[in-house]
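A.B. asks: Chains as they are written, first to last, in our numbering: chain D, 2 to 452; chain U, 2 to 452.
If a hint is listed, it holds; no wrong ones were tucked in.
Estimated spans, in silico, between C-beta atoms of each pair:
| # | chain 1 | residue 1 | chain 2 | residue 2 | range |
| --- | --- | --- | --- | --- | --- |
| 1 | D | GLU94 | U | ASP246 | 38 to 46 Å |
| 2 | U | GLU278 | D | GLY284 | 40 to 48 Å |
| 3 | D | GLY252 | U | PRO283 | 47 to 55 Å |
| 4 | U | ALA260 | D | ALA346 | 30 to 38 Å |
Result set (DSBU-like, lysine-lysine): computed pairs, CA atoms no more than 35 Å apart in a straight line:
| # | chain 1 | residue 1 | chain 2 | residue 2 |
| --- | --- | --- | --- | --- |
| 5 | U | LYS350 | D | LYS341 |
| 6 | D | LYS96 | U | LYS350 |
| 7 | U | LYS350 | D | LYS254 |
Source of the hints: derived by calculation from the structure; they are not laboratory data. Each residue gets a CB set at the ideal place from its N, CA and C atoms; glycine is no exception.
The chain contents come next:
Number of protein chains: 2
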Amino acid sequence: MSYYQQHHSQFLEGLQAFLRIPSVSTLSEHKGDVRRAAEFVRDELRAAGMTTAELIEGNGNPLVYAEWLGAPGKPTILFYGHYDVQPPDPLDEWKSPPFEPQIRGDDIFARGSADDKGQVYIQIKAVEGLLKATGRLPVNAKFLIEGEEETGGDHIEAYVKSKPSRLRADAAVVCDTEMVSAELPTICIGLRGIVYGELWVEGADHDLHSGVYGGAAPNPLQALAEIVCALKDREGHIRIPGFYDGVLPPGPKEREAWARLPFNEEEYTHKEMGARELVGEPGVPLFERLWARPTFEIHGIRGGFTGQGAKTVIPARAMAKISTRLVANQRPEKAAEQLKAAIQAACPKGVTAEFRLIHMGAPSLTNPGNRFIHAAADAMKQVFGRETVYVRSGGSIPIVGIFEEYLGIPSVMMGFGLPDDNLHAPNEKFHLPNFFRGIESIGRYLEVLGK
Amino acid sequence: MSYYQQHHSQFLEGLQAFLRIPSVSTLSEHKGDVRRAAEFVRDELRAAGMTTAELIEGNGNPLVYAEWLGAPGKPTILFYGHYDVQPPDPLDEWKSPPFEPQIRGDDIFARGSADDKGQVYIQIKAVEGLLKATGRLPVNAKFLIEGEEETGGDHIEAYVKSKPSRLRADAAVVCDTEMVSAELPTICIGLRGIVYGELWVEGADHDLHSGVYGGAAPNPLQALAEIVCALKDREGHIRIPGFYDGVLPPGPKEREAWARLPFNEEEYTHKEMGARELVGEPGVPLFERLWARPTFEIHGIRGGFTGQGAKTVIPARAMAKISTRLVANQRPEKAAEQLKAAIQAACPKGVTAEFRLIHMGAPSLTNPGNRFIHAAADAMKQVFGRETVYVRSGGSIPIVGIFEEYLGIPSVMMGFGLPDDNLHAPNEKFHLPNFFRGIESIGRYLEVLGK
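Extracted from the complex, chain D is given alone in its bound form (with noise of 0.2 Å):
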């Protein structure tokens, strides 16, 4: 039996640690606790054994750095992870409090569980497995774990920026993406990049009654709804002028793979998605809807009144969250221009509309016959025993594309979630299964490397 498969209980008993801590990092108010858990990610590093496991701060919440350095001439691959977790909000949709983390059947049911503690945690114990159990790596080894993943702070962005030496690889290993089933090893080679803000729209100076100007006041509410109608069609196709210019379609062999992978369209609607029936440009393929077409989407909007009863007002204004998703080889820099100049000529009379950016990153895509991609497929294909399949992802990891631009390396998404994880929603689970798998498939991978 393995130095991993002994300590599967003294494994389980950290990541619970980790998930008790609310690392929200978009709220203000957990500023303490993202903190902790970055001196908890510190800590656990130091005693896995890697020789240096410090915090650098910066502007924003710390970085959390750890290096090993013991293997000359073999190669040093860098892994990347977030110990931030998104809002927990709504609260009473959840079955078990969000930040104490309950296991029901095979899975760990918390904020942060699969996105992306349990995949830090599965890269902490895979190194800690190999350096307890023969004292050494088969590869040199850095850490960087950031905790402003999902506030789009830029502390992680402008410290690679610096290219510090330290930061120096090969390679990095991102796991913070999904498998496409539970019994599936799935490498992601594809992201999609974002462009997200506010769009406020102003109408008077005041709010004013429906009754007595309705007719003749504009209606920042309804301005909004016309805005983000011109932008996208009814059929999810959007209409933003020039968006579409930049977008690579995948290629021939590419979109047989997807539609070899395995798929029960009942129960990704139903089960995984609860949603009556899919939507979405008609005629293009699900994978392909979500993995290579880009999208606009409202996340949130706010203005007027919404209590309870009647109230009979027309709001000075309203702002809407909004983002696009960007595949390969749109620029955000640019899809963002023409997203401001979409909202321009979409604005109607009597309003102003302003498009207030909050954060971006580009969209990346990798070729599948590097060699660190295939170290990883072959490694993950030996602890699951079947085929590993490429697949893309819909979300976004900017820091993909920032190690591209500034340290010149790819990365490797070796991802242990599953689609039906709840990320951003209530009652986030992670697959325990996988989660052991996942520390075996890391250190089985840094072996592979070694030889």
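For chain D, the structure is supplied; the task is to place chain U on it using the hints.
C.D. replies: Below, chain U alone, put in the same frame as chain D:
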């Protein structure tokens, strides 16, 4: 010097006491204040010399009833007003606290000052003046003052529907409208009706991550935007099938009279409304858009994440408060059915939409040749020294339709508010010179009718 002129300071003190009661009927925490306001009105009517003054309890906030029937053979006038007020939010936009009346220049600032406490108080002080000065009234008078006008409660409707003999009257006097300008006596002969409710849109049964599911998941906020855009075009024309079928256009004489009303578009747009420009159906004159055309408005939207920062959520559900204003001869029941059908027809794929009615009221239109209206125009002309003009109002006073339907009486809408009174908005005010002229006008009206 008349009783009225001798008691300006007492009238003002009494009004301030009335305005200090935060009788917000839409907020359950003000239930006690609402009752206090009812008792205040009852006590004032009793002190004024009405022979009966009492609360009528029922399902909802109490009605205040009072009567003086000492003029057999003379007409009977039923005074109507409401003692409840709109919520004061947003509180931080008030220059002085909403329930601490403050006199600045010729105006008194407080929630309810114009809508409708100031006007109810005009009615009470008018009969008080006659009763104190002459020991009697020139006609018979009844009062029915309600406390659910702002919340659409149906206590008064249920009571009037039961046609109690004590409500028998020849005409109602409703003081809840406004004058064209401070010096121009105005009688309102038409009101818009209303259908008010909530539009609920539901997508998946839980919130979804916009990266993972964007491109396949229905977004209730986008769907809500699509529905409201389907209900009204960008020029303000309602697109609900059949909605304009019942609309009675104003006659040529009424249109000409409206065109002669004093009106400064610059001042109306920029100063009164605080808007950049007027919007609405092209080619339809402003007063016709406000008084004789139906509207559709969104009053508030709730759904998704609107806090600080970024959350990439596709929310499970969204809600909008919506209403349409109706004009003669549209029927509210029919309009609500048309609205519901149009919402279903506009509901996009992947979501459900449901309209939940909160309240409705019929539009009304009275013939200005009616003797009770004619006498009111005469009385106001005597007090203000200028010819009275006939207008309509864009607002909704459901009681006018209810009096017509169940008591068979016309309503004389003598209003003393002004267009810039900030009804339903921060810094509501009432113009004090017209508070005093209003009291004299009602007193003179009873004298004219008694001749």
